[in-house]
Amino acid sequence: MGLFILRRVGIMLLTALCLTFLVFFLTNLYPNLEKLAKTQGNFRMSDEQVESYLSKNGYLQSTPIKYGEWLGVLPSYRYTNEDGTVQGRCILPGKTAEESPNFCGILQGYWGYSTVFKEEVSTVVGNRLALTGRLMLWVMLLMVPSALILGVLAGMKEGSATDRTLSTFAITTTATPEYVSGVIFIAIFTSSAVGLKWFKGTATQAMENPTFENFFLPVLTIALYGMGYIARMTRASMTEVMTAQYIRTARLKGVSFPNIVMKHALRNALIAPFTVIMLQFPWLLNGVVIVETLFNYKGFGWALVQAAGNNDIQLLLAISVVSVFVVLVTQLISDIGYVYLNPRIRIS
Amino acid sequence: MEPLTWTGSIAFLNPLFALGLALMVLSIAVWMLASIVLPEDQMTVNPDGTLSSSSGLRTLIQLALRYSFLASVGIALAYIVLGVLMGTSAGIIGAMSQQFLPVWVSLIILYAMSIAFKRKLGLYGKLFDSPIGMIGFGLVMFWVFTGVFGAMDLIVTHDPLSQVSGMKNKVPGTPLSNLEDGQYAWYLLGGDNLARDVFSRMVKGAWIVVQIAPLATMFAFMVGITLGLPAGYYGGRLDTLLSFLANLILAFPVILLFYLLVTPEIVATGVPNYMAAVLFVFPIIFLGVLLNSRYYTRPNFRTPLLIGVLGVAGWFYLSLISTGGYIINTDAYRIWGLPTYLDLFDIPGGILVVFVSVVFVNSPTVFRIVRGLALDIKTRDYVAAAQTRGEGPWYIMLWEILPNARGPLIVDFCLRIGYTTILLGTLGFFGLGLPPESPDWGSTINEGRKLLSIYLHPALPPALALLTLVLGLNLLADGLREESLKD
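From first to last, the protein sequence lines stand for chains U and D.
Under the numbering used here, the first sequence is numbered contiguously, ending at residue 358.
Under the numbering used here, the second sequence is numbered contiguously, ending at residue 474.
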């Protein structure tokens, strides 16, 4: 087990390195740098001005060197201005060149400076992640229990009325992407044209003061799309368990149906959904970006859109590190959890 | 001109339809409750050999459900038939069903032919045994026909890009204020915030999806199959490497990837062209290996066949990746491609990058599915038999393993087209790739959502269109899965 986790962590690190290098490469292509220079300076910069801005900030070195600087394995670039002051990535405002360290990358715990938010990347990502974390928590609290209940109810008796109706419902929710269901919910529940006005169409206020009124719709929108998939997986696993030999034995023994479902079937049926739920996290991340844009909730996904739209290299890298980390950790947890939950694998 | 109401002179159907729907919902609820509460029907065998069922209550509820469902469908059909006959005097619904007339005709012909010959049509014919599959297929074909006829300017009422003065944000059924000759007199589903016709834009948007989604999915399948089969069959280092690469792409959040790939800046660097050049090679490799592995024992037949097929495929490939005589055309450097007089078609940079990134995102998943199937199937006896016969590895992969993996692959193909449609919508929703005035559903939803609290009509039609198409594909996949599991 220890070796297994160690190997997985090694692969994780390698994947994260490859992916961040890819992001680094794409964001450091010259047209993107030009865009960055123009959004930082002004849009009427001439080609020479762009060039001088980029060379001043060290953007014109070769990509591997810049990547090394970002990682913190190479000393970072410094530029001496005409008046003798030295500027560079490591030299924060208010510090001199002598006080600042030579190496400043993520290995030293420095994530860089966001050009969009004019803040350190670590604080931006921290704040935004806290907001998104709250959203995700409620999504999980809504999505997981309802999906499991749906799936178990549908899978209890394959082909029954409940199964057909709930399966149709599950298919419909998986066929409704967030930007469709979100728009429909906003249209029905918040617009003055329909006149129900039960909820608020934006979740901006929910960042400070989440209430049922302003926070439920975004949560529901994300939860609904993921729910159908988990419910269908739960149903499949439940129907498989319900046809197993030991369930038949229990029925022949005269155990009542609720008892069979609750005591005999459920435990084994919930192993597969556990992995599925864990692997849903990366998909939820997509939903988060869409819903945060749609409901104007300024969390992690919203920051991603801002960073990508303005080619904020440091912030984009931090965001991709975080999201890759989420994806790989959930994969690891799902693997370990699967082994732990399934005694047949655990013992052998 | 009078503004149109929703149902016009066939408004007498509305209470009937509402009643039918209410009854159907009620009977579904009762049906579900009954299936939990009521005891199961006891079948008893009588001495004379007949069967009798004890409780008729379940049958009764099922009958109620069936009839209320049929009644609702019947009234819905009546709306359409009356609409086709009466046109605009049957309100907006009538006018729309009249516009969709070519679609109805094609659907009826398709269904009549398919049901008549369903026993001779293999898996496709079996689809017509499952109600779910039939509904799904109907929804999908509705949008396919809408897309095709819309592209031929049959269904649309106005130009999807032209603006008509005075029609900004007007509600559905508003008549045009100063009508010119040959112009359709109403905006059936209203105008958007740039005074364009929502109905025509929705119809034109179907064509974009119908063009890109199946083709992109097919390319993703070619890439996934060409790489997944050897990974599963050979295993070892190759498998480790390819799986690592696939997981690498899968670990990327899709939206971040889109934001990095689908921007005008990236198009300017030529990266999508390189990706296109690599990704579009796979279908050629696939075709070449497929035919070669089958016919290499008959060189006299194989050589001309391969030259012909690969020649045509190569020509398509070169026309696909070269635009205006260049494969890559950036400010810094150029790479020569097919000269313009041999170039069959040009793909605009925006569409190409959308296409490439959708293929790129989908192929790792297909790779994993194919690899898993190949791992499973390669242990079967018929593979061992082929190996004993001395068949080459590619023959076994493409002519033994692949045909036996077709069931799950066809089902996944349908689901994946739906997923690709959702991805295209996502791209449009974030305003990536396609030009902002393009009528595709994602962009239209994105534009409509800004005024959603006041005007619903610009955003809802494309949203519902996307929903029904993807739902249709999901139901179709479900029906196919059910039918392919039967034998």
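It is possible that part of the hints are untrue.
To be verified - In silico DSS-like cross-links for lysine-lysine, where the CA-CA straight-line distance does not exceed 27 Å:
| hint | chain 1 | residue 1 | chain 2 | residue 2 |
| --- | --- | --- | --- | --- |
| 1 | U | Lys308 | D | Lys155 |
| 2 | D | Lys113 | U | Lys167 |
| 3 | U | Lys105 | U | Lys128 |
| 4 | U | Lys273 | U | Lys263 |
| 5 | D | Lys473 | D | Lys113 |
| 6 | U | Lys207 | D | Lys437 |
| 7 | U | Lys48 | U | Lys207 |
| 8 | U | Lys167 | D | Lys437 |
| 9 | U | Lys207 | D | Lys113 |
| 10 | U | Lys263 | U | Lys167 |
Everything labelled a hint here was simulated from the structure, so no lab data went into it.
Taking the hints in turn, this is what the structure says about them:
1. U/Lys308 / D/Lys155: Not satisfied, since the Cα-Cα distance of roughly 31 Å exceeds 27 Å.
2. D/Lys113 / U/Lys167: holds (25 Å)
3. U/Lys105 / U/Lys128: holds (17 Å)
4. U/Lys273 / U/Lys263: Cα-Cα ~14 Å, so holds.
5. D/Lys473 / D/Lys113: Given that 27 Å is the threshold and the Cα spacing comes to 10 Å, the pair holds.
6. U/Lys207 / D/Lys437: Measuring from Cα to Cα gives roughly 17 Å; hence the hint holds.
7. U/Lys48 / U/Lys207: violated (43 Å)
8. U/Lys167 / D/Lys437: violated (45 Å)
9. U/Lys207 / D/Lys113: Judged against 27 Å, a Cα distance of about 47 Å means the pair is violated.
10. U/Lys263 / U/Lys167: Holds, because 19 Å separates the two Cα atoms, which is no more than 27 Å.
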